[in-house]
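J.: Chain residues, written in single-letter form:
Number of protein chains: 2
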Amino acid sequence: MINKLIERIKKLQAPIVVGLDPMLDYIPEQILNEAYTNYGENLKGAAQAIWQYNKGIIDAIYDLIPAVKPQIAMYEQFGLEGLEVFKRTIDYCKQKGLIVIGDIKRGDIGSTSTAYATGHLGKIKIGSSSFTAFDEDFATVNPYLGFDGIKPFVDVCREEKKGLFILVKTSNPSSGEFQDQLVDGKPLYELVGRKVAEWGELHMGETYSYIGAVVGATYPEVGKALRRIMPKTFILVPGYGAQGGKAEDLAAYFNNDGLGAIVNSSRGIIAAYKLKAYEKFGPEAYSDAARQAVIDMREDLRQAWER
Amino acid sequence: MINKLIERIKKLQAPIVVGLDPMLDYIPEQILNEAYTNYGENLKGAAQAIWQYNKGIIDAIYDLIPAVKPQIAMYEQFGLEGLEVFKRTIDYCKQKGLIVIGDIKRGDIGSTSTAYATGHLGKIKIGSSSFTAFDEDFATVNPYLGFDGIKPFVDVCREEKKGLFILVKTSNPSSGEFQDQLVDGKPLYELVGRKVAEWGELHMGETYSYIGAVVGATYPEVGKALRRIMPKTFILVPGYGAQGGKAEDLAAYFNNDGLGAIVNSSRGIIAAYKLKAYEKFGPEAYSDAARQAVIDMREDLRQAWER
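Protein sequence lines correspond, in order, to chains A and B.
In terms of my numbering, the first sequence opens at residue 1 and continues consecutively.
In terms of my numbering, the second sequence opens at residue 1 and continues consecutively.
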């Protein structure tokens, strides 16, 4: 799957993943009203509005990008109705040829991580048959519990030829509170990065490992250091755009082969019509605005990428 | 909710939480066969078997214990069918008067943590009404992203009078890989513990904070140190029993008021009938075995508790 991701990035010249993190206040009135009329102004109506909104965006951008990253929390907050739409979104994206990175940030002790890995990346055996539950291609994982919380994910990934992105340095303002603490004179995120590189050896693709890392765009100096520490690790870079990360800072996250990173944008794409630069599209053409925002992001990144 | 938890612990003389972490191979044949016959040998059949199994256990033990802790991963691995049973289990436990600690170990950047907090502890506004999704009483949370990943959970807890247990030192063998790293000469878990105590001031109950901590039973010396660092923090202690934590080591997790900790057992209770000590019950009486195991655990802890 990491090989496929790289191939698609090269073909589309777009190291871009679009975060499908819908919020109700992103959704144009007409979609909300229709869903509420058909299903009620309740959890089901809200979830169905999200589905229609997602479908519009996916249809408008699927040919431009290699991957999407649905953030499960945005669906989980609507309970079972929301999670049904999370699953439907995954299935639809895969039908459209997109690689799906489940942004789930799970992580627990061994037997529990096995259950998460099974549910999101693997197959569960029931009687004599096997079934898939959510079936993403990649998942994000939290490393706080150490390797025996990670290993079950790696094992399932090896079996299924799937991959992970492990949190190393996150994009949020307080990420440094623990991640930047010095351990033997070096920040904790460097230790985590070294471990991710080491774990990555367990499941190598052709040029990069199936076991990637998350490093926020908002800390470019950190990106530079981690790029060196983890040369064969693919980096998922959140924080571009709405969170403040700029394209000129992103060059440091790529290797000399022009690869090694994939940059996420969520709100800046899916709610582009709400931004000044795209307001001419209006809410009815929210998906056209999203398409234009992807094209502009690709151009913006190309400059950083080809530097 | 922390006041209610303490009141129930005192009344029942049982600082015990039972982990509802069902695995298919814990479930007696007769329950599995009936579910597969009625619903098919598939995700739905498996999930319904888990529901019947859970219900049997809850009915057998609800009057002995203050709280249960369903581990969401064990349901999530069966996809939507599993999560429907997670929700049904929560609702049923609350009907029976049990406090429900959702063992979800979520944690993300601010806006995403808000969504998780909303879905698991709060209410979501849709149009002019509010709805609950999973609606646990407490949730476990991962601190790796720092305070702005935790604050949305605290905010929702303040609004709903609910609580958290934040991972400080986990019970698994490799928990030390990052958690034990020395920061200014002290282990990282102590820094996290100090922060949890500080965050706890934001949402105090009568004697303890609504913001608790997770500290594994498998590291009693650590429990002792963290008990001192976080005097008003309630500690959820996993790792007793099957994972190797012993009652005599648990005294250190309690304060002189005999309170301040609640000890979790999962497999040792819910699959007690598979243990040598309870095999006389047999699979048909698995719930009677669970009840006896709770009574024995209460006695075992009382010795540690009253020391």
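The hints are simulated quantities; they were obtained by calculation from the structure and are not laboratory data.
Just so it is clear, the structure is predicted and the values come from calculations on it, not from any experiment.
Hints may contain errors.
As the list makes no split between identical chains, a pair holds if one copy fits it or if it spans any two.
Stated by the list, open to error - Calculated cross-link-like contacts (lysine-lysine; reagent style DSS-like; alpha-carbon spacing at most 25 Å): (1) K123 with K87; (2) K125 with K55; (3) K186 with K10; (4) K195 with K232; (5) K87 with K125; (6) K96 with K125; (7) K161 with K151; (8) K280 with K4; (9) K224 with K125; (10) K87 with K195; (11) K4 with K94; (12) K276 with K161; (13) K94 with K195; (14) K274 with K125; (15) K161 with K232; (16) K11 with K94; (17) K96 with K186; (18) K10 with K274; (19) K280 with K151; (20) K55 with K280; (21) K125 with K186.
J.: How do K55 and K280 come out at 25 Å by Cα distance, when the copy is not named: within, between, both, or neither?
T.: within (21 Å within a copy, 56 Å between copies)
J.: My question is about K186 and K10: at a cut-off of 25 Å on alpha-carbon distance, are they close within one copy, between copies, both, or neither?
T.: For K186 and K10, the Cα distance exceeds 25 Å both inside one copy (35 Å) and across copies (46 Å).
J.: Cα distance capped at 25 Å. Does K195 pair with K232 within a copy, between copies, both, or neither?
T.: For K195 and K232, only the intra-copy Cα distance (13 Å) is at most 25 Å; the inter-copy one is 35 Å.
J.: Checking K123 and K87: alpha-carbon separation at most 25 Å within a copy, between copies, both or neither?
T.: For K123 and K87, the Cα distance is within 25 Å both inside one copy (15 Å) and across copies (22 Å).
J.: At most 25 Å between CA atoms: does that hold for K10 and K274 within a copy, between copies, both, or neither?
T.: neither (30 Å within a copy, 54 Å between copies)
J.: At most 25 Å between alpha carbons: which applies to K4 and K94, within, between, both or neither?
T.: Cα proximity of K4 and K94: one copy only (13 Å, versus 47 Å across).
J.: For the identical chains here, do K224 and K125 meet the 25 Å Cα criterion within one copy, between copies, both, or neither?
T.: neither (43 Å within a copy, 42 Å between copies)
J.: Regarding K125 and K55, is the shortest C-alpha distance of 25 Å or less found within a copy, between copies, in both, or in neither?
T.: between (31 Å within a copy, 23 Å between copies)
J.: Should K161 paired with K232 be assigned to within, between, both, or neither, using CA atoms and 25 Å as the limit?
T.: within (17 Å within a copy, 47 Å between copies)
J.: At 25 Å max between alpha carbons, let me know whether K274 reaches K125 within a copy, between copies, both or neither.
T.: Result: close only across copies, 21 Å inter versus 45 Å intra.
J.: Between the shortest in-copy and the shortest cross-copy C-alpha distance, which are at most 25 Å for K125 and K186: within, between, both, or neither?
T.: Neither, since 44 Å and 44 Å both go past 25 Å.
J.: Have a look at K96 and K186 and pick one of within, between, both or neither, based on CA distance no larger than 25 Å.
T.: neither (43 Å within a copy, 51 Å between copies)
Violated hints, in rising order: 3, 6, 8, 9, 10, 12, 13, 17, 18, 19 and 21; the structure is consistent with all others.
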